[in-house]
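**Student:** Chain C is already provided as a structure; the job is to place chain G on it using the hints.
Protein chains: 2
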Amino acid sequence: MNHWEVIKSSGQREGYDRAKIRNSVIHAGVPLKEADEVIEKALRSISPPITTKKLFRAVKKYLRTESPQSNIRYRIKDAIYALGPTGYPFERYVAKILEQQGYKVKVGQMVQGRCISHEVDVVATKGRHCYMVECKFHHKGKTRSNIRTALYVHARFLDIKRAYAESEMRKSGLIPKGMLVTNTRFSSEAIKYSECVGLKAIGWKHPVGESLEKLIEHGKTYPVTALPSVNRKNVGVLLKHDIVTVKDLEKISAVNLSKATGFDVRESLRIIKQAYSIYE
Amino acid sequence: MNHWEVIKSSGQREGYDRAKIRNSVIHAGVPLKEADEVIEKALRSISPPITTKKLFRAVKKYLRTESPQSNIRYRIKDAIYALGPTGYPFERYVAKILEQQGYKVKVGQMVQGRCISHEVDVVATKGRHCYMVECKFHHKGKTRSNIRTALYVHARFLDIKRAYAESEMRKSGLIPKGMLVTNTRFSSEAIKYSECVGLKAIGWKHPVGESLEKLIEHGKTYPVTALPSVNRKNVGVLLKHDIVTVKDLEKISAVNLSKATGFDVRESLRIIKQAYSIYE
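Sequences listed follow chains C and G, in order. Counting from 1, position 207 in the first sequence corresponds to residue 206 in numbering that gives the first Met the number 0; the numbering is continuous, with no gaps. Counting from 1, position 144 in the second sequence corresponds to residue 143 in numbering that gives the first Met the number 0; the numbering is continuous, with no gaps.
Isolated chain C, as found in the complex (with noise of 0.2 Å):
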C-alpha cells in the first residue's frame, strides 16, 4: 500500500506519496535499497494521526541515531541557517563553494563602479568569465529574494560593468557578470528579471541542476555546521580560522585544530572523525 491519508503543516489532508518521502530519504545519502526500510522504521515509531511533519520529524530522529552520516547530509539546509546571524559566514561559505566548482575566489572585496565604489561579497573568476556574486542570507523562515534584490544586485553590477568598459582593465580579456546567491528562494518575478538582464541568480532549489542544493552535494562542499559536534559557540572560532567547510577539517589534523582553535584534543579529535564519517 503505498498511499495513505496523511496531514500537511497547512492542516490540508492529502494522500501520504511514498514516492516523496522515499526521494527525500535517499536524497539524505541512504541508499535506494534501504530507503524504504528507513520509511517504514520511522512510520512504526509515530502514533496516528500521521502528519507529513511527523514523519519526517520521525524519519530524521531515525538516522539520527542509525546512520549519523546520512542524517548530516539531511540537515544541511539547517546548517546553512546555523552559520548566521550575520550574513558574513555565508559570503565566505559561498566563496568556498564556488571554489570546489573551480573559480578562483576573493571575499568581500572593494570594485570601482563608474559611480561608486561597491563592496563585493565575492569575485569569482573561472576561464574568462569574472562574476561579481552578491550573498542574501536569508535566516530560518520563508522570507524569498525579492524583485528589488534582484533590481540592486543588478545595479551594482552595471556600474560595475561601465567602470570596467572605461578602464585599462578591459585588455585582460575579462567578462564581467553578476551573480546573485541566496539560502532561500526567489520570487517569480526576481527568477523572471534576472533571466531577462542576464544577471545568474542561484538559489537552493534554483535553477534545476545548477543550485545551491545541488553545487553542494556535487562538490560535496558541506558547511562545517552540519556536525553536530559544531555549536553555535565553537563555529566563530573554527571560521576566524577559515575553516567553513567540513572539507576543510581535512587539511588539518586533530592536534592542530586544538593549538589553532583552543578546543581540547578530545573535542577537536571528535569534530574531525565526524567530518571524516560524513564521506563514509
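There may be inaccurate statements among the hints.
Each pair may be met inside one copy or between any two copies, as identical chains are not told apart.
What the hints assert, rightly or not - As a list, the in silico DSS-like pairs of lysine-lysine whose alpha-carbon atoms are at most 25 Å apart:
(1) K176 x K199
(2) K176 x K125
(3) K139 x K170
(4) K239 x K103
(5) K103 x K59
(6) K204 x K139
Hints listed in this document are in silico derivations from the structure and should not be mistaken for laboratory results.
**Tutor:** Frame of chain C; chain G shown alone:
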C-alpha cells in the same frame, strides 16, 4: 548677551547660538520681529541647566499656546511620520506635493518594463518630462535611504526606460526620468550615485532649495496630520476621501466633510477651522 552654554542631546556642551534657534522659530512662521520675544519667553519658562532639547521643547510649547498656526508649520516633519505606519499615505502625499508643483500625477501605476512590469508609486508628468517616482517612507528615527534603495530604484527605471525606447509610446516625445523621494535623509553614497546616473533624489533637506521641506513650504502643501484635531483614528477616514493635505480641506465645507466622513459637524468644523488658520 547672545551666547550661553547649553547641553546638546549628545551630552556635548556648546555655546548656545541664538541665531540657530531664531532661524528655527522664523522657519516655523513667526515674523522676524517677534522671534526674539518668542525665544525670551520660552527661555524664561525653563530652569537650568539649559539644553538644546529643552529649549526647543519650550519654544514649541509657547507656540502651541500663543501662535497655533506657527506651531503647525513647526511640526510638519513629525506630521509626515504620523502618516505611517505604512508607506502608502506618504506616496499619496508626495503626489499632492508634485501636483502643487505643476505636475500631472497618477498614483500606484503598473508600468511595463522590458523584463517585468513594475508598480510605480507616482507617475508625474510636467512638460516633456515623465518621472517614475519611488517614495521611501521611513518611520521616526535615524534611518536613511541608502545606496541599495538608490540602486534598485534606478534599475527599475532602466527597465521601464528600455521598454519605452522599444515601444510606440516613444512617439509621444515624453522623456522618462527616475525620481526617489524620502521623508528622511540619504546616505552620501546614495546621493553620489543618484547624481552620477541622473536619478533625481529628493530628501527632507536634499537638494538645497528643492528639498522635500522646501517643496512643502513653497507649495504650502502641509499634510492633514499637521492639524492638532487630526489623530491616528480620523486620518484614515480623511485619506479614504482623498483628503491628504490641508489644502484639500479648503475645497470642502464642514457639512459636506461631516456627510462624507461620518465625523460629527462640530468635529468637522474644528478640523476645517484649523485648516484655515494655518494660512493666516
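**Student:** Does each hint fit the structure? Answer for all of them.
**Tutor:** Hint check results:
1. K176 x K199: So K176 and K199 pass the 25 Å test inside one copy only (8 Å; across, 27 Å).
2. K176 x K125: within (11 Å within a copy, 38 Å between copies)
3. K139 x K170: neither (44 Å within a copy, 49 Å between copies)
4. K239 x K103: The answer is within: 21 Å in one copy meets 25 Å, while 57 Å across copies does not.
5. K103 x K59: neither (36 Å within a copy, 61 Å between copies)
6. K204 x K139: within (15 Å within a copy, 39 Å between copies)
In summary, the structure is inconsistent with hints 3, 5 from the numbered list given earlier, while agreeing with the others.
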